[in-house]
Amino acid sequence: MKYLTFMSIGVFALLLIYAAYGLPYRGDPNALVNQEISLTGTPVASSYYIENAMKDANTPNMVTTVLGDYRAFDTLGEEVVIFAAGIICFLLLNRERKREARKQ
Amino acid sequence: MHWELEIVLYIFLVISAVVSLHVKDLLTAVVSLSVFSYILAMLFVSMGAIDVGFTEAVVGAGITGVLYVVMIFRTTRRTND
Amino acid sequence: MNLFDFIAGHYDYWFIIILLAIGLYGMTVKKNLVKKLIGMTIFQAAVILFYISSAIKADATVPIIMENLSVDNPANYINPLPHALMLTAIVVGVATVGVAFALLILIYKNYKTLDENELLELMK
Amino acid sequence: MIEKNLPAIIPLLFLFASLIIPLIGVWKKNFAYPIAALTALASALLSLYGFVFVILTGPINYYFGGWIPPLGIEYVYDYLSSFVVLVINFVALFVIAYSFQPVEKELPRKQTAYYSVVMLLLTGFNGMIITGDLFNLYVFIEISSLASYALIGVGDKKAPFAAFKYLIIGTIGASFYLLGIGYIYFMSGTLNMNDLYNILPLMSDSPTIIVALILIVVGLGIKMAIFPMHGWLPDSYTHAPSSSSALIAPIGTKVGAYAMIRLLFFVFGLEFFSQELAVSDLIAIFSSAGIIFGSVLAIAQKEMKRMLAYSSVAQIGYIGLGIGLANPFGFIGAVLHLLNHALMKATLFMVAGSIIMKEGHSDIFKFDDTYRKKYPRTMAAFTVAALSMVGLPPLAGFFSKWYLALGTIENSSWLFLAVILISSLLNAVYFFRILEKVYMKSPDELTTKEKVKRNEIQFSMLMPIVVLAIGLIVLGILNFIIVEHIYKMMPEGML
Amino acid sequence: MKHGSSSPIILLLSRVLSPYIMLFGMYVIFHGHYSPGGGFQGGALLASSIILIRIAMEEKVHQLHFNKAYGIPLGAVGVLIFFGVGFISLIMGGYFLDYSLLPFPGMITAELRFYGILLIEVGVGLAVMTILVAIYDNLLEEDDDESI
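Protein chains in written order, with my numbering: chain A, 1 to 104; chain B, 1001 to 1081; chain C, 2001 to 2124; chain D, 3001 to 3495; chain E, 4001 to 4148.
Errors might be hidden in some of the hints.
[What the hints assert, rightly or not] To give a feel for the contact side, a few chain D residues facing chain A, derived at Cβ under 7 Å: (1) Phe3064; (2) Gly3066; (3) Trp3067; (4) Ser3206.
Since the hints were derived computationally from the structure, they do not count as laboratory data. We put the CB at the ideal spot given by N, CA and C, even for glycine.
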């Protein structure tokens, strides 16, 4: 069983090494992510963000603009995740025993 | 960019990850994990992701470390592997 | 394809694979539940590192607009989208770890141990 | 205005309820259940309205923040997603209606947090179904997963460990998925599903995309519990409180299956995953192995909830088989089984929960013929669901298996046909042993001679069970209407 | 940790440090448009200042600082601020979270977006601060079953 686990980790690593053959080199400015239009002619999001973040939201920090405006719904999801963590800890660990003890 | 610096940081990152998985005391493991997070934050900053580095430093090395310690305080620091 | 260029061109990617393998090893092979959690943290950190290291652009600067660098040429600034995505991923990681802590405390309260083998023994 | 905003309103309604419940819970503890039930009712009605609206006028696309798709996040409310939303929300409505008394009994003084987490779970599921953006799908996967870890973890003494195992495995799955979309993003530069559907065929020979496909299939396969990745499922469903296992078992894996269908058919495209790569064959082989494995292990169980959990592994295999066949009949079978299995499993788990609540156990060997006197209606509903599970013709479960069988014949893969037939037999074995204990004794040899008092469960618990059982019969008879609509849901170029 | 530390140096130092961390957290939230930072980082800093007091002081003292009964409800309020900003623009006839339709008078679209982002950052900061403190509190929740 243990060897099976090690083998699957090895297969996973080999798979990722195989994936490297298609990846663009580190910092390659000609990669598709860094172009202005994609292969089918739609705009590439990141270049649009760099060019228009200041015009659209008056904010120099592009990450804030992406986080707060272009992809704000992801940020709402992130908020919900952290809220979920809080209420889950409350659900799992809180016993609400103190009030009962006071009543007795 | 600063590839010499980054390679040193990467090597320390791997070492701290191995150490935190290998030590027999959970409290030491948590401290080593905080070191891991802090080196990770430095790597992020050297790669130009200042926001992510900031977050990782505050959350990974700060809050998560405290929560780990609280959890070990409530349970046990003994481990067999 | 030149092998040296291939290895040097992806040099941080190899470290990320090592970290992913270490994390996976911690999650699957280690028997202590806290060690599993540490492995999970390392695995998630490695995924985040993959995004950030793939986002960099040669000769570009941090994604905060400076006055003497024009925004009309996107090659001047690093791609901000993966940074925003990874902020979300870090938060998700913290939330997962918080929930895991709550579960660990419950497990310890019920069985007084955090070792997987001992737990399986006790549950029979 | 409500039509335009429909895709956003359905998940946000649940989110709003989950925020309001703890706020009101500060001074009124009893309001949690009414708010949750009203929200479930409202969103079920909204999704019914949305389904009819989509059928009449066509798909709705929703752009968050007003940004056009490759820039912002897009929600897609088309034939397939509106159908799955309808199924999920109606099953959730019935389970929430059922869960008032079990929650009060099993989790006293925790209702406020419990219903808030339930609402978060449904937020996550609805978001996962409607979203049209890969990273947004990840965020909603995490919301729903966190909520389901918690709902499992509040169960009996062994539940936290089961939930922790699920947390580790589920996080591996979600991280694999995140890694996969990372590869896709850095190859193509976009995260939008429609955009990727056009771009990916242009780069389908890249090794990176192939690895990304494998990682995504493994990641979502863990969420969906396809055979080798099913390890978390039996323990979690067994030890969870009965109301949450009745909620998670029918819905959770189905949403994972839906996400798999959405990504394979509508992002990677049919040719890529079924012809250029053998991924579809692999999925089919593993799924059919899972069908046999789950059914055999279900026979070996003696506790009803655990048996149902292993039967879930088998039934997920049917959906996976339908995806792996990658032909129109397989697609119909998968979508139809998604509907049928959600209904059947909800009924069966609710029956199991009721028996646990009344008798204090769910050990199959302790079942006897007094049950048919004590709970006549519950056992009748159980019989209908079990027969549907086995696949008796007028009931709903038959038709999904029928279309799957047609799909295997079309691909002329006789092995899979044999698997479907054998598994029906195995299903019959493990359900008939309960039915035999309850029904198959003549009045002379009853174990208890004295009159057993009728002790039916309360109306609020009985009503959802009976309605779902009737629904199984109605769906079986009217299934041709649904199949006609499923033809509309198929990706272009499939027929 | 429940009973706090008895060393006066730790008490004094944590009481001195905590307000400055809090101030820095506020700065990070409100200056996130111009420098690295934003709601999440600032909220985490605020939470760490409160947790610092929680670690150093006794329970009676740190409950005066931030009562743990408020943790979850205030977190819900924080998410509701975010949700409400999105919902206002939905009511105004646009898409959810479309800040250009926020009803602030006399502003051009870019300014509206600027203030919309600021509003949601405040919501994020509030939610993250309270929820992280609530997680800390709940992890330390003593179990009365064993002591009786």
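Worksheet item: So which of those numbered hints doesn't the model satisfy?
Response: 2
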